[in-house]
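> Take a look at the letters that make up each chain.
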Amino acid sequence: MRKMSKLVRQLLPFGSLILIICTLSALKPDTFLSTGNFLNVLRRSSVNGIIAVGMTAIIISAGIDLSVGSMMALSGMVGAWVMIVIGGTNPQGAALVIGTFVGIVTGLACGFLNGVFVTKLKLPPFVVTLGTMSTFRGISYVMNAGKPYNVPHYKYLNEGVVLGIPISVLIFAVIITLAGLLLRYSRLGRYTYAIGSNREAAFHAGVNVDSYLIRIYALTGLVVGIAAMITTSRAVSAQPTAGVTLELDIIAAVVIGGASLSGGRGTIIGTLIGTLLISFLRNGCTLLDISTNVQLIVIGAIIIVAVAVDQLARSKAAVGQTE
Amino acid sequence: MIATTHRNRFSDVEIALRMRGISKQFGPVQALSEVSLTVRRGTIHTLVGENGAGKSTLMKILAGVYQPNSGSIEINGKQQRLSKPGEALAAGISMIYQELDLAEHLTVAENVFLGMELSGRLPFIMDHKKMIAQTTKIAQRFNFKIDPTAVVEELPMGDCQIVEILKALMRNASIIVMDEPTSSLSESEVAMLFELVRALREQGLSIIYISHRLEEIVGLADDVSVLRDGRMVHSGSMAKLDIPKIVHYMVGRELKDFFPTRNVNIGAIRVKVRNLSSGNGVENISFDIRKGEIVGMAGLVGAGRTQVARALFGIDRKTSGAIELDGCRLEISSPTDAIANHIAFLTEDRKRTGLCLELPCSWNITLPNLIAIGMKNIIKPGRENKIVTNIARRISIKWLGPQAPVDSLSGGNQQKILIARWLLAESKFMIFDEPTRGIDVGAKKEVYSLLKELAAEGKAILFISSELPELFGIADRILVMRRGRLVGNVNPQKTTQEEVMHLAAVEALNEKNE
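So the protein sequences, as listed, match chains A and B. Taking numbering that gives the first Met the number 0 as reference, the numbering of the first sequence is continuous, increasing by one, and the terminal residue is 322. Taking numbering that gives the first Met the number 0 as reference, the numbering of the second sequence is continuous, increasing by one, and the terminal residue is 513.
Okay, chain A solo, but in the shape it has when bound (with noise of 0.2 Å):
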């Protein structure tokens, strides 16, 4: 019985997953099924499921990050800066690779930030990356006076190509494998299950509980502040308002890849499933010329019914199980 709901519980968004795509090579053959429209979907998912891959951990040890659009625009926007600050108004070269490294060393410090807050000063994470969300924005839009920093070079982490494969796809197929084997055979990746599991029986059991937390946050900012780069090298200019909003959609795909958001529970191939799955589903809502806003009628349903479904797989497993 137990092991039935598990079964659903797992395949269902994968399932879903399918039948999206099936439905859409049935409706739109010509347009839809192309490589270079799968390409295409896959590249725009690599932002996404790249910061996602940081939310699952983040989520599994119960926390959550509010911030990551806000800390995905001031890394592009501290990254474009150090270009800039080198290379002159039109950088190249070294100024670009300088500036990707700084960039990314930005995402990496401000998830550093969020994690020392939350563990120092014992604030709800919610709380602490709701503060931040606000003030990374806010200093993205300082460092400019609200206007872009163009880096017209700055094109090979978005156009670049190995073996037919777009780079940016590429680094996400390397960091979604990483972050799995990570969390499956990592004590980082343990502690992190137990710690959102039970916290106090971690700290209990000799897990530093603080130490470990700060680095999960901290390892989020630095896929964060990857993902800001790919961001700017795809509009090659580094905005102050990329990824607002961005949270809500990496939250759902964690959630529909099946974490708990009371923790303990989310796997890596789980957030690939429910990134693709939210892409697909924009993708096809393009190809049948549904409205954005139509789009984000459908996304919110589907993690309700997501969520419901796992609850209720959940409910039957308890009830299945005797004294």
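Think of the hints as simulated: they come from the structure by calculation, not from any bench. Heads up, a few of these hints could be off.
Unchecked claim - A short, non-exhaustive set of chain A residues, derived as facing chain B with CB atoms under 7 Å:
{"#": "1", "residue": "Gly87"}
{"#": "2", "residue": "Tyr184"}
{"#": "3", "residue": "Arg186"}
{"#": "4", "residue": "Ser196"}
{"#": "5", "residue": "His203"}
{"#": "6", "residue": "Asn207"}
{"#": "7", "residue": "Asp209"}
{"#": "8", "residue": "Gly263"}
As the list claims (entries may be wrong) - Away from chain B, derived, C-beta distances all over 12 Å, residues of chain A:
{"#": "9", "residue": "Leu26"}
{"#": "10", "residue": "Gln91"}
{"#": "11", "residue": "Val101"}
{"#": "12", "residue": "Val104"}
{"#": "13", "residue": "Lys119"}
{"#": "14", "residue": "Thr134"}
{"#": "15", "residue": "Ile194"}
{"#": "16", "residue": "Thr244"}
{"#": "17", "residue": "Ala307"}
Note that this is a predicted model, so its numbers are computed, not measured. Heads up, the beta-carbon is just placed ideally off N, CA and C, and yes, glycines get one too.
Chain A is fixed; fit chain B onto it per the hints.
Positioned in the frame of chain A, the structure of chain B alone reads:
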């Protein structure tokens, strides 16, 4: 004499509850087979049995949570079909579960009237005055002392039980089921609870009382029913029974060697604690534990026993004091340090501070031990499973496998998961805080044997317990705590339980009176 009154009382008017031929199956598991239970009006009827014997299932059927596959239920002479909890409540059955079911932020009166609030003249506005007045009235009728306006989370555990009882009374309960009501109470609160239960009996209510603490039911219960493996193996007057007989019915064998004997082989001083104080009320504690020695720690709830353990294990900050292990001074400021220095602490509250309930058993067992078993950098699930399975076999954990989530296990087996964790840690100094709380007789015996075994391996053991019989049965020496201080260090062979109780409690009463 007793037998005749017993029979006379069995007229139909005097029967509050008659469950007949109750059977219940969960899939292939026969949880109850043909169980009959008769509870007389105005009596305390105790229901005992090992974990998994079917007590909870039977009571959940009575509460309308489960439906029996066969059998009938008669309440106050009326045949009842209890297909949901609301119907059981309406028929006069109230359940008080081990983990109390109170809204902590509300007042006593609000809890008592929860779900049946009295409204005042305006709709949706509660009439607090009336609710408080009625709560006071009913409390006075039973001579309960409680402030109806107090917020529940600020009440001691014993008073929370009163609130649950008042809740039941306000719903016109005629039968109250209490599941392990004393498991989190101090001795004085237990005495108070017994008074309450007797007062309920005086008023003609019937109480079904489930307990693992056989000592306490002897003086309390009128009748006793014993379940074993889903069958009722004995039901009758308490007067004819004593603890060994009840245990015999429960486990189907005499437990002559309930506390295993051993050749005590006590070595050099292993643990030396000097002038330990913590911000959490521990004052100036000093003691030694030798290799192979089991040192018991007695005291009332709130005496600071767990706080001593917490200070030793680095959970609470020490304000002064030194800890030495095998002659080396330890600097411990967190559980991480304590574990690295070979100290283990089995917590008394396994749900809150012990287990990650939804995670696999194996993860729970290896959680503090990943570095010790050579998985500092990479976890090897195959090897982990093998290690965990070995240790589970040693203490015979019943599970569906190492990957089963801990919350699929029974209470006793959950406790064994925590014990397995600290066995694996191969600690030198082990602190066991109430290791037998809420587990059945068979599992208790296993814990006792294990303690002896660990001592025989040369470990130093600090055994905190609220049950004096087990301290006297197991410990080589007993430390007595009172109000954060050590007030006694006695040899159980040369003293009595009464004396230890006196040390732990009496002065406390005097201090209160001052």
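> For every hint, state whether the structure bears it out.
Against the structure, the hints:
The criterion of a C-beta within 7 Å of any C-beta in chain B is not met by Gly87/A, whose closest approach is roughly 45 Å, and the hint is violated. Interface hint status for Tyr184/A: upheld, as the beta-carbon distance to the closest one in chain B is roughly 5 Å, under 7 Å. A hinted interface residue such as Arg186/A counts as satisfied when its beta carbon comes closer than 7 Å to some beta carbon of chain B; here the least separation is about 5 Å, so the hint holds. At a threshold of 7 Å, the smallest CB-CB gap from Ser196/A to chain B is about 4 Å, leaving the interface hint in force.
With a cut of 7 Å, the hint placing His203/A at the interface with chain B holds, because the nearest CB-to-CB distance is about 5 Å. At about 5 Å, the closest approach between the beta carbon of Asn207/A and any beta carbon in chain B falls short of 7 Å, and the interface hint on this residue holds. At a threshold of 7 Å, the smallest CB-CB gap from Asp209/A to chain B is about 10 Å, leaving the interface hint violated. With a least beta-carbon distance of about 5 Å to chain B, the hint placing Gly263/A at the interface is held under the 7 Å criterion.
A cut-off of 12 Å between C-beta atoms confirms that Leu26/A is not in contact with chain B; the least separation is 40 Å. Non-interface call for Gln91/A relative to chain B: holds, since the shortest CB-CB distance, roughly 41 Å, exceeds 12 Å. Residue-level check passed: Val101/A sits 30 Å from the nearest beta carbon of chain B, beyond 12 Å. For Val104/A, the requirement that its beta carbon stay farther than 12 Å from each beta carbon of chain B is met, with the minimum near 25 Å.
The claim that Lys119/A is not at the interface with chain B holds, since no C-beta of that chain comes within 12 Å of its own (minimum 15 Å). The claim that Thr134/A is not at the interface with chain B holds, since no C-beta of that chain comes within 12 Å of its own (minimum 31 Å). Distance check for Ile194/A against chain B: the nearest CB is about 9 Å away, which does not clear 12 Å, and the non-interface claim fails. Against chain B, the non-interface label of Thr244/A holds: every CB pair exceeds 12 Å, the least being about 31 Å.
At roughly 19 Å, the least C-beta separation between Ala307/A and chain B is larger than 12 Å, which holds for a residue marked as non-interface.
Going down the numbered hints, you'll see the structure goes against 1, 7 and 15, while the others check out.
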